[in-house]
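J.: So you can see what is in the structure, the chains are spelled out below.
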Amino acid sequence: MNVMEKNAVFSRQPSLYRCDESGNLTIMGSSCRSCRKVSCPSGRYGCPHCGAAAEAQDLCDLSGQGSLKGFVLVNVDLPTERSAPYVVGTIALEEGPIIEGILLASGDPIYSLDQPVRAVAVRVSGDSEHADSFECQFATDGQL
Amino acid sequence: MRPSTLPLRAQRPVYVVGIGLHPYQFANDDPYVALGLTAVRQALADSAGAMSWPEVETAYVGSGTIGLAAGRFMLRYLGSTGLAVQQVENASATGSSAFRLACLDVASGASDVALALGVDKYGPHVRRAVEHDGIERFTKASYLPVVRYALLAEQYMRETGATLAQLAQVAVKNHGNAFLNPFAQFRKRRTLEQVLASPRVAGVLTKMQCCPRGDGAAAVVVASEAAIVRLGLDRRRAIRVVASVAVSEMPASGDGIAASQLTRRMGKAALEESGIDPRDLDIVELHDAFSIEELVYIEALGLCGDGEGAAYIDSGRGSIGGPGCAVNPSGGLIGMGHPLGPTGVGQIAEIVRQLRGEAGKRQHVSARTGLAHMIGLGQVGLVHVLQR
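Chains as they are written, first to last, in the working numbering: chain A, 1 to 144; chain B, 1 to 388.
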């Protein structure tokens with residue numbers, strides 16, 4: 001996988017993120033009109049914080065910026081995920097949601113707690129269905 | 001958490017009067033019916049007295065992987081008595097949930113005798129509902145337990161200073177206990193060096209610190225005082241269930257660990273319900289799908305102070321015959337196995353065996369009070385307290 005350059009427009013998870021033709025990625029979430037909290041993934045069925053209905057959730061774009069709260073190297077192939085090895089990180093997005101994401105493996109990454117990370121679009125090779133598909137991973141400043 | 005409107009102890013006393021197990025094993029072609037019937041027949045025989053299948057009025061069949069209607073197609077080979085049969089699924093807490101329902105059934109007076117049976121078979125057919133909830137996630141690893149608990153292990157070690165060796169010591173103890181358990185899936189002692197040298201699965205968790213999946217069955221018969229008298233059961237072997245608590249996860253407060261807070265909440269509720277101090281616990285069977293969980297949960301249950309879990313296990317206080325509470329004397333999920341439906345029921349069987357003084361080489365001296373703890377994907381949690 002390579003960090004995307006241009007013209008890859010098929011998001012593997014279109015409800016979570018989109019990418020323009022310049023390779024700029026935008027994460028999507030939702031903001032609850034009742035409790036004001038932001039959710040990511042968006043509150044499709046309602047607010048997971050206060051239980052407000054889906055109709056009270058406003059879709060919103062997130063910055064994709066956050067900080068690393070934990071990370072582990074996965075060494076074996078697990079059901080439903082990609083081939084190992086890969087690194088999973090817990091990321092606190094600056095708008096509030098805490099998510100798990102794949103950390104970018106390119107370069108010689110050195111991770112540390114509270115390190116700033118940001119979402120990047122990564123071209124997915126070997127995807128016959130969408131030759132130009134991409135996915136969201138998280139990279140440190142030193143990797144970009 | 002809102003307290004139970006009618007806690008178990010405020011209702012009719014409930015006793016475990018019979019236990020039975022089919023050994024946990026790696027998946028093979030043995031039909032689930034054979035596994036389940038082995039456990040039930042053993043539990044009926046263990047009840048002794050005049051206990052027989054027609055006395056069982058209700059059966060809760062804990063099964064997460066076999067499919068629809070597992071109960072009736074199995075139990076008819078014990079005789080079609082017309083009893084109520086209900087299948088229960090609650091992820092890893094499936095068996096614990098079946099046991100809770102059986103207890104509540106007897107406590108409420110709906111039945112005098114009820115069966116809790118856990119039976120499951122592992123294979124590629126096993127699916128998680130979260131894979132079909134219509135929600136996309138950045139990585140599916142976000143709901144894979146081994147990844148979540150590997151992240152927890154990193155956090156715990158960072159915050160408490162626990163070492164890799166202390167983490168691995170949980171697996172050394174539990175494999176050692178399983179070696180003594182004829183119903184365990186793993187029957188080999190493991191050294192600290194072996195546990196540490198086994199392949200890393202995720203983060204610091206090595207293969208020997210992770211539970212196996214497999215097949216198995218476990219059954220317990222619960223009964224009221226009236227049934228014990230009517231059927232002439234041995235009262236000395238009847239073990240009372242003094243608390244049953246079921247909860248689900250709430251958002252973690254602060255930087256806290258959600259699974260720890262869940263355990264702290266339900267453990268406190270169960271001990272308050274039973275009027276027991278955590279220092280009075282002799283046996284704890286807990287959800288150690290991964291070694292780190294045992295350290296986190298013994299702290300949350302109050303066996304030791306916060307950050308002292310690693311030292312508690314490392315010093316032998318959690319061992320059979322040790323000065324403290326024996327933790328997972330069955331071998332736990334790591335050593336005895338985690339066939340899902342049977343797991344929570346098997347915990348109850350081990351505690352009953354220990355409180356009766358019938359655990360043989362695994363016997364923890366003078367065991368009088370035991371606690372069973374289980375976490376299910378989601379997360380959900382159950383705690384039961386039993387007392388001789």
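Just so you know, the hints here were simulated from the structure itself, not pulled from any lab data. One or more of the hints may lead you astray.
Calculated pairs, EDC-like style, for lysine to aspartate or glutamate (alpha carbon to alpha carbon, straight line, at most 16 angstroms) [unchecked claim]:
id, chain 1, residue 1, chain 2, residue 2
1, A, K37, A, D114
2, A, K37, A, D77
3, B, K207, B, E225
4, B, K207, A, D77
5, A, K69, A, D114
6, B, K268, B, D314
7, B, K207, B, D234
8, B, K140, A, D77
9, B, K140, A, E81
10, A, K37, A, D20
11, B, K140, B, E154
12, A, K37, A, E55
13, A, K37, A, E21
14, A, K69, B, D306
15, A, K69, B, E249
Treat the numbers as computed from the prediction; the structure is a model and nothing was measured.
J.: All hints are to be evaluated individually against the structure, with a verdict given for each.
T.: Against the structure, the hints:
1. A threshold of 16 angstroms between alpha carbons decides the hint, and for A/K37 with A/D114 the separation of about 22 angstroms lies outside it, so the pair is violated.
2. Of the pairs offered as hints, the one joining A/K37 and A/D77 is violated, with about 35 angstroms between alpha carbons and a cut-off of 16 angstroms exceeded.
3. With a C-alpha separation of about 45 angstroms, the suggested pair B/K207 and B/E225 falls outside the 16 angstroms cut-off, and the hint is violated.
4. Under the criterion of a C-alpha separation no larger than 16 angstroms, the hint pairing B/K207 with A/D77 is consistent with the structure, at around 13 angstroms.
5. Only pairs whose Cα atoms come within 16 angstroms are accepted, and A/K69 paired with A/D114 is accepted, the gap being roughly 6 angstroms.
6. Between the alpha carbons of B/K268 and B/D314 the distance comes to roughly 25 angstroms, so the proposed pair goes past 16 angstroms and is violated.
7. Taken as a hint, the B/K207 and B/D234 pair is broken in the structure, with Cα atoms around 43 angstroms apart against an allowance of 16 angstroms.
8. Taking the CA atoms of B/K140 and A/D77, the gap is about 12 angstroms. The hint holds against a cut of 16 angstroms.
9. Under the criterion of a C-alpha separation no larger than 16 angstroms, the hint pairing B/K140 with A/E81 is consistent with the structure, at around 6 angstroms.
10. The hinted pair formed by A/K37 and A/D20 fails the criterion: a straight-line CA distance of about 27 angstroms is larger than 16 angstroms.
11. Distance restraint check for B/K140 and B/E154: the Cα-Cα separation of roughly 20 angstroms exceeds the 16 angstroms cut-off, and the hinted pair is therefore not satisfied.
12. Under the criterion of a C-alpha separation no larger than 16 angstroms, the hint pairing A/K37 with A/E55 is consistent with the structure, at around 15 angstroms.
13. Pair hint A/K37 plus A/E21 does not hold up; C-alpha atoms about 31 angstroms apart against a cutoff of 16 angstroms.
14. The suggested pairing of A/K69 with B/D306 is violated, with an alpha-carbon distance near 21 angstroms, which exceeds 16 angstroms.
15. Proposed proximity of A/K69 and B/E249 is contradicted: the alpha carbons are some 20 angstroms apart, above 16 angstroms.
In summary, the structure is inconsistent with hints 1, 2, 3, 6, 7, 10, 11, 13, 14 and 15 from the numbered list given earlier, while agreeing with the others.
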